[in-house]
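Visitor: Given the sequences, and given the hints that come with them, work out the whole structure.
There are 2 protein chains.
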Amino acid sequence: MEQATSKRLPEIEFWFEFGSPYSYLSVMRIEDEARRLGVRIGWKPFLLGPILQALGKRPSIEEKERGTYMWQDLARQARKYGLRWVRPSTFPRLGVMPARVALLGAEEPWVGEFCRRVMELNFVLDRDINQAAPLAEILTELDYPGAEIVEAAQAEPIKARLREQTEEARTKGIFGAPNFFVGTEMFWGNDRLDDALALASK
Amino acid sequence: MEQATSKRLPEIEFWFEFGSPYSYLSVMRIEDEARRLGVRIGWKPFLLGPILQALGKRPSIEEKERGTYMWQDLARQARKYGLRWVRPSTFPRLGVMPARVALLGAEEPWVGEFCRRVMELNFVLDRDINQAAPLAEILTELDYPGAEIVEAAQAEPIKARLREQTEEARTKGIFGAPNFFVGTEMFWGNDRLDDALALASK
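If you're matching them up, the sequences are chains A and B in order.
Just so it is clear: in the first sequence, position 118 is 117 by numbering that gives the first Met the number 0, and no numbers are missing.
Just so it is clear: in the second sequence, position 45 is 44 by numbering that gives the first Met the number 0, and no numbers are missing.
Simulated from the structure, these hints should not be mistaken for laboratory data.
Certain hints may be false.
You can't tell identical chains apart in this list, so a pair holds if it fits in one copy or across any two.
[Claimed, not checked] Below are the DSS-like pairs computed for lysine-lysine, each with C-alpha atoms no more than 30 Å apart in a straight line:
| # | residue 1 | residue 2 |
| --- | --- | --- |
| 1 | Lys158 | Lys201 |
| 2 | Lys79 | Lys158 |
| 3 | Lys56 | Lys201 |
| 4 | Lys79 | Lys63 |
| 5 | Lys56 | Lys171 |
| 6 | Lys201 | Lys171 |
Here the structure is a predicted model, which is why all the values come from computation and not from measurement.
Guide: Written as structure tokens, this is what we have:
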């Protein structure tokens, strides 16, 4: 029943990367805001690294001037949204394993809370996120069989699906993270979350 | 009297470039919003070209994927703010002459309206902005001696001041346009105008 109802809600596709700090801001915000507007979220974890590589680019934040600015901006934006923020000592952190778990659980009730806790590992607790143990622990704390889920997520079918989803991101014209799609309309960056939700809920 | 009063208002420095489409959005919006919040604007025209050149970069919008997105985003943002929008047939347009005029007039009552009309020449009427005649015409329509002002703005002292102001932009860490400074705090992009004004008016 729940599923049948939620299928009729307007949808926003949310393309995000666990290593991306502006994705952190959106992951923390999106579920509350989407619920308020009656919009369903299609969770679409992907890997930005292979896309940047295909475009022959490095993350903007690694450019000297832009990076200096962006780290200041991130601290300020987190404060604006009432989010905790610690600049990670390792950047960008690999997020392949949590991306696979989030892909496996994209339709599960735990996906939002799982993603938020992984993001907090990276951008609040400054811890490695590409390890089975802390990911399983998050799910166990939420009363799911954490070790089993994480193991299933590292199996070949899910690995292949994450590669496909990343390739789909590239063919959709994605060049950064996060992104929101409403139908074919693309919105890039945490700054466009509100515009995208407004369009979806119209 | 007016001058003495306005000096005591909190100030935002507004660094913009006449060829920059996101600067167009901010130029059209800033005066109304700053007035509403009781914030004084320090108009700081500069040239983005020499800065990008010094950084070894091209405008982001010239990258294929990012450019495709940005032109869509600009049309959508202009609609959101109720602004007219035409993608310029020449991009980026040189804006050296209007930048000199805006620098000469930075403390004059006509600076805001002059900047808006130049931006509309570029991003609504799709016309060349690096010509004396249309710039003089704008000022004449506003009841100022247009030809004289434009001629004075193309003289060596103002040319030198624009070069200095552009160099100052670079040393402040500017790598794009528009930018807002509140004290030493930098905000990049039209998306940060509201945050910058909020800080200035606190």
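Visitor: 30 Å Cα cut-off: does Lys79 pair with Lys63 within a copy, between copies, both or neither?
Guide: For Lys79 and Lys63, only the intra-copy Cα distance (24 Å) is at most 30 Å; the inter-copy one is 32 Å.
Visitor: When no copy is named, should Lys79 and Lys158 be tagged within, between, both, or neither for a Cα gap of at most 30 Å?
Guide: neither (36 Å within a copy, 40 Å between copies)
Visitor: Should Lys56 paired with Lys201 be assigned to within, between, both, or neither, using CA atoms and 30 Å as the limit?
Guide: neither (36 Å within a copy, 39 Å between copies)
Visitor: As a check of your reading, is Lys158 near Lys201 (CA-CA no more than 30 Å) within one copy, between copies, both or neither?
Guide: neither (36 Å within a copy, 50 Å between copies)
Visitor: At 30 Å max between alpha carbons, let me know whether Lys56 reaches Lys171 within a copy, between copies, both or neither.
Guide: Both. Shortest intra-copy (17 Å) and inter-copy (25 Å) distances satisfy the 30 Å Cα cut-off.
Visitor: Is it within, between, both, or neither for Lys201 and Lys171, if the alpha carbons may be no more than 30 Å apart?
Guide: Answer is within; shortest intra-copy Cα gap is 23 Å, inter-copy 42 Å.
Of the numbered hints given earlier, the model fails hints 1, 2, 3; all others are met.
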